[in-house]
Amino acid sequence: MSVGTVAAPPSTAPPPPTKRRITLPIALLGIAGLILLVALIRVITGAEDLASSGTLGAAVLLAMPIGMAGLGGLWAERAGVVNIGLEGMMILGTWGAGFFGYQWGPWAGVLGAIAMGAVGGLIHAIATVGFGVDHIVSGVAVNIIGLGAAQYLAALTFTGTPGGGPTQSPPIGDLPVITVPGIASAAADLEAENWFFVPDLASVVRALTAGISLLTVIAIGLVVLTWWVLWRTAFGLRLRSCGESPSAAETLGVNVYRYKYIAVVISGGFAGLGGAFLAIVASSIYRDGQTGGRGYIGLAAMIFGNWRPGGLLMGAGLFGFTDALQLRSGGESVHALLLLVGVGLLGLAVWQLRGSRRLAGLVTAGIAIAFLVWYLTTEEVPQDFSSMTPYVVTLLVLALASQRLRMPAADGLPYRRGQGS
Amino acid sequence: MRFDPRRVALTLAAPVLALVAAVAIASLVLAAAGDPVIEVWRTILQPPKPRNVVNIINSASVLYLSGLAVAIGFRMNLFNIGVDGQYRLAAFVAAVVAAQGWLPGVLNIVLTIVVAMLVGAMWAGVAAILKVTRGVSEVISTIMLNAIATALVAYLLRKASVQVAGSNNIGTAPIPEDSRMPGIALIPGAPNEVYGFVVVAIAAGIAYSVLLSRTTFGFNLRATGRSESAAVASGIDVKRMVVIAMLISGGVAGLVGMPLLLGSAYSYGLTFQSGLGFAGIAVALLGRNNPVGIAIGALLFSYLNEQSNPLQILVGVSDDIVKIVQGIVVLTVVIAYEVVRRYGVAQEQRKVARELANQRRRDSEEVSAA
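Protein chains in written order, with my numbering: chain A, 583 to 1003; chain B, 626 to 995.
Only chain B is shown next, with the shape it has when bound in the complex:
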């Protein structure tokens, strides 16, 4: 593609515009509520300490996987809202399998990951099959499957759980010491370590990129997403694509719980983090389904989450303001892209019109000269 400075400027304009608008709107909300606007932003924007940086990277890796899972569906207009249920069911089953310690060390980690991906894919597959055989919208079926997964996990957890000593929390048995994923001391001066699973998350991002832009399957997937009728006309089996895309999406969703399971929690309990699937939707939207974009979106979201923690103590403002900011960012990003796109199209049309006019004038001059 030819390098065009105007194109680059337009591409960058949208996210910048979106962030500025989001900050402005959130500031208005804060001011209207009578909260100290400047103090809030100062707290959020202060440079994070090494410990916080590690936390940001860790939670970003989780959000990234969730965003990837959603994005795969998005690329062919499939809306997998069910990532939430898929990752929780997958993490639970994987935790139970891992705790058995059937295989030694690293092999057990591999087994755990494979099991998680299979369970996630299976749960997403239910929605896929309902869609291709019965025409049930995946939006509704995955919402239902989320609720069913919640109840199912609660039931199975009670069956398979061991009492955690000294608390009301119930959880699966902890996974053996030798099948935990070691952390990486990436940030100097931090007392905590980055999840080893970050490497897997990055690999998943690369695999996503290669799959979509370098394989026939990826081409078919994107083609189906752009125009289903054109895809059918060119001989793509859309139903098959729906099932495969949904299975891959679910498989990646299965990975979402793994950094937590293998890197910090070591078991699945009542306190296992939930709601990551919905955050993944926002992150995927923010990153425009682009692997690098999703990473930026994930980092932004986890930065906001981490930096808002002290808000209540330091400034006396509820850290829920960050959720408002996140929601507004999602909205302003899509709006900004649309506005910029319309602006670009209008510019293009004007340019073409001008050139046509010039050409006509030149033609008429030539005629009159002849």
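Just chain A, with the same shape it has in the complex:
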């Protein structure tokens, strides 16, 4: 493995070829390399907020709703149902969090959000699995219904409540926050030091140990659980077989309809949980239009992650990170990011050229040089450009790596029992 690929940020690291698996040591090495690169960039550019624990903490917080939506997408698509309705299910989730949360406390809000999201999932499942409707059509309809239903219900239930109104709920209580004693404060001390690399490492540790919402811990646990269930149990194997070859699964006695229903309802539940994050953890209130397209972004994160839990977590992290950068210090940090992207792409280009993919390598190198020139010739990136960063990065990643992505073979195809091809 060349230096270029180790140091490449997750944005440009292509998903692993199926033959070579990312083992824990390699992953740790990659993370260390990434932190090293960020440390270098920080020193060169002086953008101190680039990887401060504040930014990283915000990044984790912002990544979670996207990650949960992506996880929802993963469940549905692994069972062969494309779920573009995640946005609508997430919106339903935010209302559920607001409605149940303000009356019976934040944990009830979390459950309510999951239940509301699951209702959205059930609608999608009935339409796509039960009636064989085109998955994207049904997803669009679910998005319209979810948005309308949440706003209608909000006006119905929150009007006249103390602190609430037709478009927002009364405040929801806070969920417990965890700080690992000892480590967090030690990391904080280290972060304050003016050394190279160590503060950056410390800020990562601090972001992961200080003031983490319990729901975040649960959510990360759910990602691991999802991996275990889908890839290590018979149930998961059957569920994935419905996404790869439903007629083959059918001949082996798998009740494809049932698995698809379960998967899509769970998918909605996860999207709803993402909504709970937005309503309870990120703002402690339901508000109209709170999701801001994060359901779609979750879907993109899942595709970015090659329909795998680890990959989608990385994708969600990328979105969360760029989002946090833009929120916290805007132009300066994103400006530093230009250098990061430029260097990363250059590394990728070298790797592509070594692998005798001349044209792709040259194109990548051209883009990399454009980024570097942009970095050198400007002082700051305008605010609006920083808000488009995650989307541009996603497009770039998809453009560079889409040939390596492999979706479930029967993803999005209609299935009817007894009519397998």
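Be a bit skeptical, because a hint or two may be false.
As the list claims (entries may be wrong) - With a straight-line cut-off of 20 Å between C-alpha atoms, the simulated SDA-like cross-links for lysine to any residue are:
1. B:Lys784 - A:Ala981
2. B:Lys864 - A:Ala981
3. B:Lys784 - A:Glu962
What the hints assert, rightly or not - Sample of chain B residues lacking proximity to chain A, with all beta carbon distances greater than 12 Å (derived):
4. Thr668
5. Leu836
6. Phe844
7. Ser943
8. Glu991
What the hints assert, rightly or not - Pulled from the structure, derived: some chain A residues nowhere near chain B, Cβ distances all over 12 Å:
9. Leu693
10. Thr743
11. Tyr957
The hints are simulated quantities; they were obtained by calculation from the structure and are not laboratory data.
Predicted model, so just to flag it, every value in this text is computed and none were measured.
Where is the CB? At the ideal position from N, CA and C, for every residue including glycine.
Given chain A, work out where chain B should sit, using these hints.
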């Protein structure tokens, strides 16, 4: 095609079934929420006043163009979710160009429209190129491009804007008086006028119909949509078709903002209507990508939007109920078509089976008679 009453009945059954189901479900939702069901429907179904009729036609023309743009992609299984970003970017650039007044009068209108179509096509073209060269799904790339367009327009708007007097709104400079599109006093007794652009919208619908059913390109497009492998086998360059279809779709998407720009807003500002692209998807689905069907869908949606406005004041029910109705209609329409199709197929099979059985009996009778 031979006239077959059963066929016609089946075709009509689906939309009727869908509407009935949608109304029933929405009524259930209203009743469950404790809202006055009858009052809500009475308000929505009351005959619109002339002023409202004009509003319905105007917003339907916008939805129609958006639906057409989506439908062109749909016909070859391309999902252009990016109509939203395409029309906003196009309307912004067109507004800036139109405000310069480089050409006099009508010529400036033509220039504005051409610019809008080019910009829309260009933005859709990004997704097309990513699809054919890098295999990026247009669903995802157009979602990303929508978000990028939002940020890009916000940035450019701040650069190119003039402060609108007496408000916080910023917008482009207004377009000259002589390059605004005059309205048509179509509805007697209405104080407002129908957009002149309605004529263009109708022309676009006719062009769509002719393009799809009367040209080789349209045939290739539909063939690719039906079966890509068959299209490849018959020598159609699918990649080229993808790019062209996406460019046309984007070009039509560029038109979506024009009725508003040339007929009522006269500039592009923060308050320029957004979200029309997503409504267009629903309208295209509702109309089954058929030019007349899309028109009906657009009229239905804008009727619901317009008639739901007084709900909050008159009945005290949030007008968001209409969004639920619209979403349910989209779902029930596709479900109803599927149910009716399955029913039709089952009927057909039964009929064939019966005829075969009869024939066999006749054959055996003939044999025994001989």
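Now the hints, each set against the structure:
{"no.": "1", "hint": "B:Lys784 - A:Ala981", "result": "violated (30 Å)"}
{"no.": "2", "hint": "B:Lys864 - A:Ala981", "result": "holds (16 Å)"}
{"no.": "3", "hint": "B:Lys784 - A:Glu962", "result": "holds (16 Å)"}
{"no.": "4", "hint": "Thr668", "result": "holds (15 Å)"}
{"no.": "5", "hint": "Leu836", "result": "holds (23 Å)"}
{"no.": "6", "hint": "Phe844", "result": "holds (23 Å)"}
{"no.": "7", "hint": "Ser943", "result": "violated (4 Å)"}
{"no.": "8", "hint": "Glu991", "result": "holds (36 Å)"}
{"no.": "9", "hint": "Leu693", "result": "holds (20 Å)"}
{"no.": "10", "hint": "Thr743", "result": "holds (15 Å)"}
{"no.": "11", "hint": "Tyr957", "result": "holds (18 Å)"}
Violated hints, in rising order: 1 and 7; the structure is consistent with all others.
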